[in-house]
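Asks: Here's the letter readout for the chains.
There are 4 protein chains.
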Amino acid sequence: MVKVGIVGGTGYTGVELLRLLAQHPHAEVRAITSRKDAGTKVADMFASLRGHYPKLAFVEPDAAALAGCDVAFFATPHGVAMAQARELVAAGTKVIDLAADFRLRDPAEFERWYKMPHSCVDLLQESVYGLPEVNRDAIRKARIVGNPGCYPTAVQLGFLPLLEAGLVDTDHLIADCKSGVSGAGRKAEMNLIFPEAADNFAAYAVKGHRHLPEIVQGLNRASAKPVKLVFTPHLTPMIRGIFATLYAPLKDASADLQALYERRYASEPFVDVMPPGALPDTRSVRAANVCRIAVHRPPGSDIVTVLAVEDNLVKGAAGQAIQNMNLMCGLPETAGLAAPPVLP
Amino acid sequence: MVKVGIVGGTGYTGVELLRLLAQHPHAEVRAITSRKDAGTKVADMFASLRGHYPKLAFVEPDAAALAGCDVAFFATPHGVAMAQARELVAAGTKVIDLAADFRLRDPAEFERWYKMPHSCVDLLQESVYGLPEVNRDAIRKARIVGNPGCYPTAVQLGFLPLLEAGLVDTDHLIADCKSGVSGAGRKAEMNLIFPEAADNFAAYAVKGHRHLPEIVQGLNRASAKPVKLVFTPHLTPMIRGIFATLYAPLKDASADLQALYERRYASEPFVDVMPPGALPDTRSVRAANVCRIAVHRPPGSDIVTVLAVEDNLVKGAAGQAIQNMNLMCGLPETAGLAAPPVLP
Amino acid sequence: MVKVGIVGGTGYTGVELLRLLAQHPHAEVRAITSRKDAGTKVADMFASLRGHYPKLAFVEPDAAALAGCDVAFFATPHGVAMAQARELVAAGTKVIDLAADFRLRDPAEFERWYKMPHSCVDLLQESVYGLPEVNRDAIRKARIVGNPGCYPTAVQLGFLPLLEAGLVDTDHLIADCKSGVSGAGRKAEMNLIFPEAADNFAAYAVKGHRHLPEIVQGLNRASAKPVKLVFTPHLTPMIRGIFATLYAPLKDASADLQALYERRYASEPFVDVMPPGALPDTRSVRAANVCRIAVHRPPGSDIVTVLAVEDNLVKGAAGQAIQNMNLMCGLPETAGLAAPPVLP
Amino acid sequence: MVKVGIVGGTGYTGVELLRLLAQHPHAEVRAITSRKDAGTKVADMFASLRGHYPKLAFVEPDAAALAGCDVAFFATPHGVAMAQARELVAAGTKVIDLAADFRLRDPAEFERWYKMPHSCVDLLQESVYGLPEVNRDAIRKARIVGNPGCYPTAVQLGFLPLLEAGLVDTDHLIADCKSGVSGAGRKAEMNLIFPEAADNFAAYAVKGHRHLPEIVQGLNRASAKPVKLVFTPHLTPMIRGIFATLYAPLKDASADLQALYERRYASEPFVDVMPPGALPDTRSVRAANVCRIAVHRPPGSDIVTVLAVEDNLVKGAAGQAIQNMNLMCGLPETAGLAAPPVLP
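Those sequence lines, one after another, are chains F, P, C and B. Position 167 (the first sequence) corresponds to 170 in my numbering; numbering is contiguous. Position 24 (the second sequence) corresponds to 27 in my numbering; numbering is contiguous. Position 49 (the third sequence) corresponds to 52 in my numbering; numbering is contiguous. Position 84 (the fourth sequence) corresponds to 87 in my numbering; numbering is contiguous.
Extracted from the complex, chain F is given alone in its bound form (with noise of 0.2 Å):
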């Protein structure tokens, strides 16, 4: 058994990490921690996992607690991942990062974006970002993976096919993306509460995200030409997924683009590309760790539109740290993680 320990518990990847690894048959949470909430169980605090961790409570989120596990997950917010990293590689535990923190390549960048320096420069050069549908091999030799973001998962696996075969004007690549409000995280605030964000649509950062710069990194490693891209996130009144609506000016009008992505994507066992003509749907993927897409060519317009779901909290971040986790370990890919979603 993988023993594993959480940094971090409380928030909604925390708590998914949790109800997925419930279900995982090699591995096992062994510690979880959270500064604030130490002391209580995580039963108490999430009745969905009574019965489940009858026992397991929040500690004190020092070394100690992380001792002997041989996966840490950072389930907490950026920066935090980056001071403790180096005690833990040390100590012969891998570290899955599911914040920012070893997402850009670029220290500079991470500064930039997140208003903080970058601490851990050495091993963020040494990190590996942690999409398997394109890092697969590096993740399984890593000691450290910085897990992408929601919004970067599916606008990148929606747009690689086309920039790996060079296809499109990468001067005007659009990505809509709309997310369910738990994207926001487990948060206090005020415009994430009920009477403001249900029954409503709206768009925010459109100024520029933090994501931003971590698709356009991933982009343009798979362009030959770097990329120029436009990326409206919107709030839509749902508590899980994604749905990104991706827009790109085709070059070569005569290209077989099913052919492609179903080609691009034929052994993945967590990227679902949909047959021709098909409307992909964020519940179709709700608590599961799939990425559906679909590409379509609109009528009187030369731009290919890509349609591409998934759950945020999933495929969009804790499944997919646990895909990493199964690639880092040496268990198959699929482990724990064979639940199909849940309709309706």
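A portion of the hints provided could be inaccurate.
Repeated chains share a single entry, so a pair holds when one copy, or any two copies, can fit it.
25 Å max Cα-Cα, derived DSS-like pairs, lysine-lysine [as the list claims (entries may be wrong)]:
no.	residue 1	residue 2
1	K118	K231
2	K44	K210
3	K228	K254
4	K6	K39
5	K58	K6
6	K58	K210
7	K254	K190
8	K144	K97
Bear in mind the hints are in silico, worked out from the structure with no lab data behind them. No experiment lies behind these values; they were computed from the predicted model shown.
Fit chains P, C and B to the known structure of chain F by using the hints.
Replies: Then chains P, C and B, alone, in the frame of chain F:
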């Protein structure tokens, strides 16, 4: 492996059976029928099942379809199971009806509420009401089980300890129940469309809901004296979930109700008696086979208030049906039902 | 034109007052205060008001702000109105408090439930409880009105005819109430954020909600015998609306309850007794100042069930406050309150 | 008083006309027709209208029903208005069609998208497209107005200033639109029921929505060069509201877009150009006749992003129809349309 057939699999209880059985270690879906959708793959109707049932397609609902199945679930309208049960049972297939055909012991009562004569009275007498917390031993030996309705499961589990102990005035029981909209089934009806049902709260069937006689039958079985019950169902804008707020005047104010409930359900794997003062919510059971109960003594009154929550599609339907299958087939009762609720 | 001041206008009752007063033919908002947001235009905080209050800005909540106002609404936390009422009343400004300072007649009861001593007991004695269906004449002459709470409005209007007629067993009253989330106010609290409150149903404050003594006070006033009431508030995933399901054992089964209710509210402009068998829903009163009531005799019991719906922000708060203002200022009672509900 | 008739008043645009006209100072509903519900009072179908239309009942849709009406609104399926318009116009009744019969100038285009021949081509030529911000003078003199679709209103108002000024590459326009579910009408269809549409986000009609030719027609009218437009409609779990996110490559990066928009709509009563950096949301227009627009220049791209919101049932349907009625009948354009949005 238990070979499973599903009759009428295009509704919410059908797709929920498919979701849960996909994770079951000892059962396998061999056939699923639908007159209207014969020939369609289940994964083409429910995208959530893509990858889980790559080949399974709906077939015509004739006898051959279910030949060789160990168990047949009827996820059909009322009246279908009783027409087909005899032949299946004769062929050695166990029958679990998720509709009402085998719920009411009295065929006259069935006819009164469901507006059709009961066509299978002898098997009705043989059949067992599938509430494991009451009929576990009988279910183990049953050839036909009438799976309880969603409201009746929550209301009975909530009231039973009080009635069995003879602690309340049985002339003034009240069950004020709130259901998510999936409880009405997968039906294109005007009052169920989003703009009518969202951001709204309504009572319905105040003059008499079909679950009333089923609940009364179950409560009477537990009570020394026949009960009088007011049952008020309400529709609440959520997808899944039943919340039952139960009221009864207490005859003995000194009774230790918390201990009573804990004792009654101590060995039940799917009934969770919460600690004193706890307030269950429906999301704490979302997508899982559990009923959580809390007992309260509100101030300034001799009335006891019991709060019971369940997922209407799981412990209130498909999950309980699989629990019954496990019992009937000699499998571990919890097989395939261990996944934690989905929260948030 | 009646000159109106609003104290503490950044919550939901404040913005609802602004919405309703924008349509009022005989009243005009002259001042609105907020310590935290002084200097901000109301239309910059609430985009819905752009074009309706182009110049109105929040000012510091000192006495000068309200000088010259005919009426001051307090849309503030409990305790604010009683601190400022004396000075305003002395200056000739009528006071309508939408919080609890002038709801409970007994200052000890206020202190018990609101955890602060009442600082203005003489004015409390003079003040009038602002339920026009009970106190219309007194409200007309009042200088200070305590505007009823949202639950108390629906529960009192629903129970009053039965109690006034002495038709029910007052020892076993039950008010099972369901509220939209805006009833909790515009507050950044964890249990109110969308991912916690959506697709969920929960009871709360089962041990004793602050509205309990207010309801009991009102019911006792109408009843020959003191009542015993169980009041169970629930949170339901909608923005606005209260649904009260009320139960009482009937002493006289032959009473014509429909006629009783129709007679009691025959001349009330804002109470709608629905026809026999009707099932009110909250959307039928969304955004409008009306309480709709239906009376039912469920089968198999001597209990009467009353269903009452209102918009918690209108008849349950700001609309009723304006109704009180109209009465206090000699305006037509319905002025500014005639717009139909918003459906769907 | 303008005498108003409504043809086909049982859908959402019909009941919204009734809601808005109940507050109109210069218009009065004289007749409302429905073949299926003739004889039913409108207040019995829509409880929200109890007290507002105590006597109004649906009548058979024959010519006599509308005799003497100054204006007839058609809130009917496509094809009904063109069958009845000739007779009404001949009798001096002005016609406002809320369906598509008088939207597309080219009858062949109508037939292509609506699968029926246009039966009234001469009146089509005479009719005016009812977007007051473009056709105000023509509307004033019109006998027949084709009221714009919900998406076309938002998309045209959002794009028009850019196209009129010739500032964008018209070959690569994108309208990524999100609609509340009421936009699909009051129809009992499976994909619209709450458990399918709630907590979900989906694209639809990606291959070509009927509003596409209407939008293109309107944009071409404003553009020196014919446009190429990708239009992606999405369904979002809210009752009302359209959010249009519009993209266009900018030809002149130095243009002052904020000033352009403010100038274009300076005298428009129902178009609100928000300040620089503002982020409109749909709730800020809920139930009100206004389109709010914000113009953004996202970083790292030459694309301009325009955000436009409206209530699909008001500025996108019934409100705009009344605005047109006001113009056609010589009333103040804003009559009956002054109520602020309902927030929260």
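Asks: Could you tell me which of the hints above the structure violates, numbers in ascending order?
Replies: Of the numbered hints given earlier, those the structure breaks are 6, 7, listed in rising order.
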